[in-house]
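A.B. asks: Using the sequences and the accompanying hints, generate a full structural model.
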Amino acid sequence: METLRHIVLFVHLIGFAVLFGAWAAQAFGGKRQITKIMDYGLAIAGVAGLALAAPWGIEYELNYVKIGVKLVVLLIIGALLGIGSARQKRGAAVPPAVFWLIGILALLNAGLAVIWR
248 METLRHIVLF VHLIGFAVLF GAWAAQAFGG KRQITKIMDY GLAIAGVAGL
298 ALAAPWGIEY ELNYVKIGVK LVVLLIIGAL LGIGSARQKR GAAVPPAVFW
348 LIGILALLNA GLAVIWR
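Heads up: the sequence shown begins at 248 in the working numbering, then just goes up one per residue.
Hints are computed from structural coordinates only; laboratory data are not their basis.
Every residue gets a Cβ at the ideal spot worked out from N, C-alpha and C, and that includes glycine.
Just so you know, not all the hints are guaranteed correct.
Here are the computed lysine to aspartate or glutamate pairs in the DMTMM-like style, where the Cα-Cα straight-line distance is at most 25 Å [claimed, not checked]: (1) Lys313 to Glu249; (2) Lys313 to Asp286; (3) Lys336 to Asp286.
Ranges between beta-carbon positions, derived for each pair [what the hints assert, rightly or not]: (4) Trp347 to Ala264: 16 to 22 Å; (5) Trp303 to Arg337: 42 to 48 Å; (6) Leu322 to Lys283: 16 to 22 Å; (7) Asn310 to Ile261: 17 to 23 Å; (8) Val361 to Arg334: 27 to 33 Å; (9) Arg252 to Trp347: 29 to 35 Å; (10) Pro343 to Leu251: 39 to 45 Å.
C.D. replies: Here you go:
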């Protein structure tokens with residue numbers, strides 16, 4: 248069971264890698280737009296994170312404070328992606344603060360997954 252949990256954790260980190268990688272490609276490519284790949288990375292990370300939050304066959308207590316903080320950060324990232332996508336669809340540019348916050352929060356959330364025990 249622990250092996251399956253590690254596989255889900257790996258998929259969770261891949262989701263953040265996809266999100267952050269798509270963001271970094273836009274940030275350093277000069278366009279600074281919201282892409283569908285960012286949405287896919289967020290969805291992968293979110294679904295895998297919810298699977299990790301289930302107490303399935305582990306001998307230790309889950310850290311519900313960590314789970315809550317990561318969920319709030321994930322929701323904020325989703326809101327920022329939605330705001331940026333809506334502005335793009337109307338023909339306006341994504342505000343720089345929104346764009347940079349997406350990358351910072353994605354990196355923060357992946358860091359919380361790895362560092363916070």
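A.B. asks: Let me make sure I understand: some of the numbered hints might not hold for this structure. Which ones are they, in numerical order?
C.D. replies: No hint contradicted; all consistent.
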